[in-house]
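Construct the complete structure from the given sequences, taking the supplied hints into account.
There are 2 protein chains.
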Amino acid sequence: MSESRNGGGRVELVSSLSDLIVSDVGVNVQAGQIVGITAAPGMEAVWRAVAEAAYRRGASYVDLWVFDGHVKHSRLTHAPLHSLAYRPPWWGERYRSLGALAGAQIRLAGEPALGLMEDIAPERLGIDMMPRLPETLEVTHARQWNWIVTPGPCAGWAARLYPDLTEAAALDRLWEEIADIMRLGEPDPAAAWRERFAQLDAVARRLTALKLDALHFQGPGTDLRVGLLPGSLWQSAGDETAGGIPFTANLPTEEVFTAPDPVRVDGHVRATRPLTVGGGTVVDLEVHFLEGRAVEVSARQGAGLVEAMIATDPGAARLGEVALVDAESRIGRLGTVFSETLLDENAASHIALGAAYPDTVSDAGSRAQINESSIHIDFMIGSPEISVTGLTADGGQLPLLRDGRWQFAV
Amino acid sequence: MSESRNGGGRVELVSSLSDLIVSDVGVNVQAGQIVGITAAPGMEAVWRAVAEAAYRRGASYVDLWVFDGHVKHSRLTHAPLHSLAYRPPWWGERYRSLGALAGAQIRLAGEPALGLMEDIAPERLGIDMMPRLPETLEVTHARQWNWIVTPGPCAGWAARLYPDLTEAAALDRLWEEIADIMRLGEPDPAAAWRERFAQLDAVARRLTALKLDALHFQGPGTDLRVGLLPGSLWQSAGDETAGGIPFTANLPTEEVFTAPDPVRVDGHVRATRPLTVGGGTVVDLEVHFLEGRAVEVSARQGAGLVEAMIATDPGAARLGEVALVDAESRIGRLGTVFSETLLDENAASHIALGAAYPDTVSDAGSRAQINESSIHIDFMIGSPEISVTGLTADGGQLPLLRDGRWQFAV
Numbered sequence: 002m003s004e005s006r007n008g009g010g011r012v013e014l015v016s017s018l019s020d021l022i023v024s025d026v027g028v029n030v031q032a033g034q035i036v037g038i039t040a041a042p043g044m045e046a047v048w049r050a051v052a053e054a055a056y057r058r059g060a061s062y063v064d065l066w067v068f069d070g071h072v073k074h075s076r077l078t079h080a081p082l083h084s085l086a087y088r089p090p091w092w093g094e095r096y097r098s099l100g101a102l103a104g105a106q107i108r109l110a111g112e113p114a115l116g117l118m119e120d121i122a123p124e125r126l127g128i129d130m131m132p133r134l135p136e137t138l139e140v141t142h143a144r145q146w147n148w149i150v151t152p153g154p155c156a157g158w159a160a161r162l163y164p165d166l167t168e169a170a171a172l173d174r175l176w177e178e179i180a181d182i183m184r185l186g187e188p189d190p191a192a193a194w195r196e197r198f199a200q201l202d203a204v205a206r207r208l209t210a211l212k213l214d215a216l217h218f219q220g221p222g223t224d225l226r227v228g229l230l231p232g233s234l235w236q237s238a239g240d241e242t243a244g245g246i247p248f249t250a251n252l253p254t255e256e257v258f259t260a261p262d263p264v265r266v267d268g269h270v271r272a273t274r275p276l277t278v279g280g281g282t283v284v285d286l287e288v289h290f291l292e293g294r295a296v297e298v299s300a301r302q303g304a305g306l307v308e309a310m311i312a313t314d315p316g317a318a319r320l321g322e323v324a325l326v327d328a329e330s331r332i333g334r335l336g337t338v339f340s341e342t343l344l345d346e347n348a349a350s351h352i353a354l355g356a357a358y359p360d361t362v363s364d365a366g367s368r369a370q371i372n373e374s375s376i377h378i379d380f381m382i383g384s385p386e387i388s389v390t391g392l393t394a395d396g397g398q399l400p401l402l403r404d405g406r407w408q409f410a411v
Numbered sequence: 002m003s004e005s006r007n008g009g010g011r012v013e014l015v016s017s018l019s020d021l022i023v024s025d026v027g028v029n030v031q032a033g034q035i036v037g038i039t040a041a042p043g044m045e046a047v048w049r050a051v052a053e054a055a056y057r058r059g060a061s062y063v064d065l066w067v068f069d070g071h072v073k074h075s076r077l078t079h080a081p082l083h084s085l086a087y088r089p090p091w092w093g094e095r096y097r098s099l100g101a102l103a104g105a106q107i108r109l110a111g112e113p114a115l116g117l118m119e120d121i122a123p124e125r126l127g128i129d130m131m132p133r134l135p136e137t138l139e140v141t142h143a144r145q146w147n148w149i150v151t152p153g154p155c156a157g158w159a160a161r162l163y164p165d166l167t168e169a170a171a172l173d174r175l176w177e178e179i180a181d182i183m184r185l186g187e188p189d190p191a192a193a194w195r196e197r198f199a200q201l202d203a204v205a206r207r208l209t210a211l212k213l214d215a216l217h218f219q220g221p222g223t224d225l226r227v228g229l230l231p232g233s234l235w236q237s238a239g240d241e242t243a244g245g246i247p248f249t250a251n252l253p254t255e256e257v258f259t260a261p262d263p264v265r266v267d268g269h270v271r272a273t274r275p276l277t278v279g280g281g282t283v284v285d286l287e288v289h290f291l292e293g294r295a296v297e298v299s300a301r302q303g304a305g306l307v308e309a310m311i312a313t314d315p316g317a318a319r320l321g322e323v324a325l326v327d328a329e330s331r332i333g334r335l336g337t338v339f340s341e342t343l344l345d346e347n348a349a350s351h352i353a354l355g356a357a358y359p360d361t362v363s364d365a366g367s368r369a370q371i372n373e374s375s376i377h378i379d380f381m382i383g384s385p386e387i388s389v390t391g392l393t394a395d396g397g398q399l400p401l402l403r404d405g406r407w408q409f410a411v
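From first to last, the protein sequence lines are chains F and L. Residue numbers for the first sequence follow this note's numbering, beginning at 2 and rising by one. Residue numbers for the second sequence follow this note's numbering, beginning at 2 and rising by one.
Some chain L residues close to chain F (C-beta under 8 Å, calculated; not the full set):
no., residue
1, 49
2, 61
3, 65
4, 89
No lab work stands behind these hints: they were computed from the structure. Ideal Cβ positions, reconstructed from N, Cα and C, are used throughout, including at glycine.
Set out below in structure tokens:
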């Protein structure tokens, strides 16, 4: 911990991470593919290694989009309120074109400008959704591209996560945790992931087979029933494009997830981790649901941000995803709050406001019922203290998670 | 020189430079305008200050494109030759949209990855023209946007320019030279530029009034006649969009320039400074012209790069610009070779292969004759040792530049 990894060790980690990202357990870059990378300033080492690894696998072009939170901060400070919903059309067109060309898309997650937006009113933050674009959901739902969200460790993010360490020590610590989470210390990281994928897949098949009518989350501050659809299909990491390219959309991934019934969500839920969205942080979020809609939102910090988000469109106040995470998750065991959804959502069970993934239902009837929206915001509601019970249509109750452990053999 | 400027002094320079760039002597950002910035990793401090200054002037959105030479290096190392001419269509569309929206465009010039491409064959370098895009010329020629090319000082560039200095001292040195060149040390930098613009404007009007038939460059290794068109109009810095927004397209600017006759360029020319293009460097370039075409190219380094460039399209081997620079240029006096066209071209008289600017001729007849191409590559042919003489249609000879000084009152 005392020695900086700026030398050989860091270079090896960057290279190992990048190889994993482009490999067949990651986004699975194909020869001849155009590969998009979305990243933030400070992630240069990672995006360059990912680009190099993609070209080595035969990518025909690697196209980088760097979005800078500091420029967004100037916008939020100075630009008139009415202009904040504007999104330059070319970024959405870029995603659509990448989809039409059957490209690959890699988003390096992590927030180098974490905390930067603290002086901005949450209402303004909630209107400016850049760099989130609805076109990414369009292309994803049409299964045109193989895509991945995966961590891009960088100094700014590390400094905010571990404020008591020096900048170099904080970055070392972040890399250590990311290396653990990404299983880079295993003799064969890709093989370790294949094994975990097999476990998650077994859980997903088991849950689908149970044909549950609803889930019941219970614990401190939470008593929430989430209805499921007759066709709700539990999914784990593995995905496939329309053209037949298999890929893993999130790495790390520790979750199984499905589409809830957007009109049958009732009760009260308390977030178990802070939520970082659009550069703002929401602390101690509580949401009350009635017949599927989030009708009341409160928080110790950032409630306005959530209120602005759920006003985006009619589906934004309803659920598009419910996901279960067991205590095997390395992220959950670390206990670090990364302030980054990709990592935090894989620490604990969670729900998402906004769009559902069409492939989380099995039939056209259910597909017509799942939630639609231009947003998709995950927030964590699980912990070892929260029990999850499956409810069957005939009134049966099946314990699913207790103390973070599956209550059936996997 | 011994004290690093990372403290207050640097911040002031960044702020002063950025204010100048967006001001009415620069790109002249308008309230409500969308502003594009093109930059490279390492220029964060400058692009953030420019974005902040643009929003303070009322910009409605500032849109950043960061192009990374290291990713390009991976492409040039690994991608198949046939793929290297590919340009993702969305970048050209972004420029076209910015033009259609009557936006502003700021390119921060400077090469943080200078020297990076030394291990790439010049022929490959010459095919991959990214991030140069023909759409920028389209939008510029249609006068849809107010645009500027201006320096973006950064550590990587500084380290290559002053290899004997530490990284911090090199960056200090670069900022000192840029501050001098940009007249940031003047009590009112904008007023100092207005005065220089007035001088250059007077020279341009004088040259246009002379109605020259050709220019004759003579000196060591150079004996070149460049024919002019009946409508050749000498221009200086000031420009204006179709919508009537005045702006300065290059800052610094020390040149007067016009469109040559693309079929009347004859003789031999030796470049007086190295030329950096597409990440490669061309040293001791010599070009022989016959009836307007570059028919023979030689160089101590990088001749293949120029040969690939002039094969781009039929106009790429002909001249689109001839520019005269006097010894009043602060860049010429510094003597530093910046390996960046914006600065080096304002150190010395130069010519450009490729497209002409339509507003450098006065009538439709001449406009039909000027050169067309998708490229525009300036290279320096002037120095105090090179004399420039104006030739009139009736055989008269008028000395224009001797020892770097105008031979008429300005």
